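If you're matching them up, the sequences are chains U and L in order.
Numbering-wise (the numbering used here), the first sequence opens with residue 6 and increments by one.
Numbering-wise (the numbering used here), the second sequence opens with residue 18 and increments by one.
Bear in mind the hints are in silico, worked out from the structure with no lab data behind them.
A hint or two may mislead.
To give a feel for the contact side, a few chain U residues facing chain L, derived at Cβ under 7 Å [to be verified]:
no. : residue
1   : 38
2   : 45
3   : 48
4   : 49
5   : 50
6   : 73
7   : 85
8   : 88
9   : 100
The structure displayed is predicted, hence computed values, not measured ones.
Positions of the beta carbon are idealized from the N, C-alpha and C atoms, including for glycine.
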Amino acid sequence: AQTVTQSQPEMSVQEAETVTLSCTYDTSESDYYLFWYKQPPSRQMILVIRQEAYKQQNATENRFSVNFQKAAKSFSLKISDSQLGDAAMYFCAYSGSARQLTFGSGTQLTVLP
Amino acid sequence: EPEVTQTPSHQVTQMGQEVILRCVPISNHLYFYWYRQILGQKVEFLVSFYNNEISEKSEIFDDQFSVERPDGSNFTLKIRSTKLEDSAMYFCASSLVYGYTFGSGTRLTVV
Chain U
6 AQTVTQSQPE MSVQEAETVT LSCTYDTSES DYYLFWYKQP PSRQMILVIR QEAYKQQNAT
66 ENRFSVNFQK AAKSFSLKIS DSQLGDAAMY FCAYSGSARQ LTFGSGTQLT VLP
Chain L
18 EPEVTQTPSH QVTQMGQEVI LRCVPISNHL YFYWYRQILG QKVEFLVSFY NNEISEKSEI
78 FDDQFSVERP DGSNFTLKIR STKLEDSAMY FCASSLVYGY TFGSGTRLTV V
């Protein structure tokens, strides 16, 4: 079974600075997708970024980018120019042949003004 | 942008009662899912549904739970004989392939 590990339960960053959230996963599959979801206090699940495992190029979405290291099974999220609205719980998630998402335990991000 | 719609947003029920949580997935999506998030914990997979039948289910999804797609648009999760520990946020999601869209969730409180 696949597992997703987020080792940082809480992180904080100064507004306008850069922060990196860590995620590692375990799988025997070669073809899969990785995701970062943001969950604000409203508890809605909002997709931040997605990475296909067969793509070597790291995904980017505006201020959000990932560092995908397939051999190391690592998938970190970098948030540049952090804004107050970035404060939320961030979940890393995996999807393979079974399609459903397996989530990590989350990292609570605080943005300090 | 297409949305996944969940109703109700909040439901309070007495222990032992049955509840039905409703979802309207995105119309051209093929895969439907239910997830659960107990307050302060991670999001857990319950069940996936494809081609009018369950394709995968987790250990959590026991005989207390059932899913249905009663018509071409709705996707429901029924919880029979609710327990206090069923109190959680329940999310519906749908996907065409690997692009998942989540609904805004139903907060279920069992008292």
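Structure-based check of each hint:
no., hint, result
1, 38, "holds, 5 Å"
2, 45, "violated, 11 Å"
3, 48, "holds, 6 Å"
4, 49, "holds, 5 Å"
5, 50, "holds, 4 Å"
6, 73, "violated, 15 Å"
7, 85, "violated, 24 Å"
8, 88, "violated, 22 Å"
9, 100, "holds, 6 Å"
Checked against the numbered hints given earlier, this structure breaks hints 2, 6, 7, 8; the rest are met.
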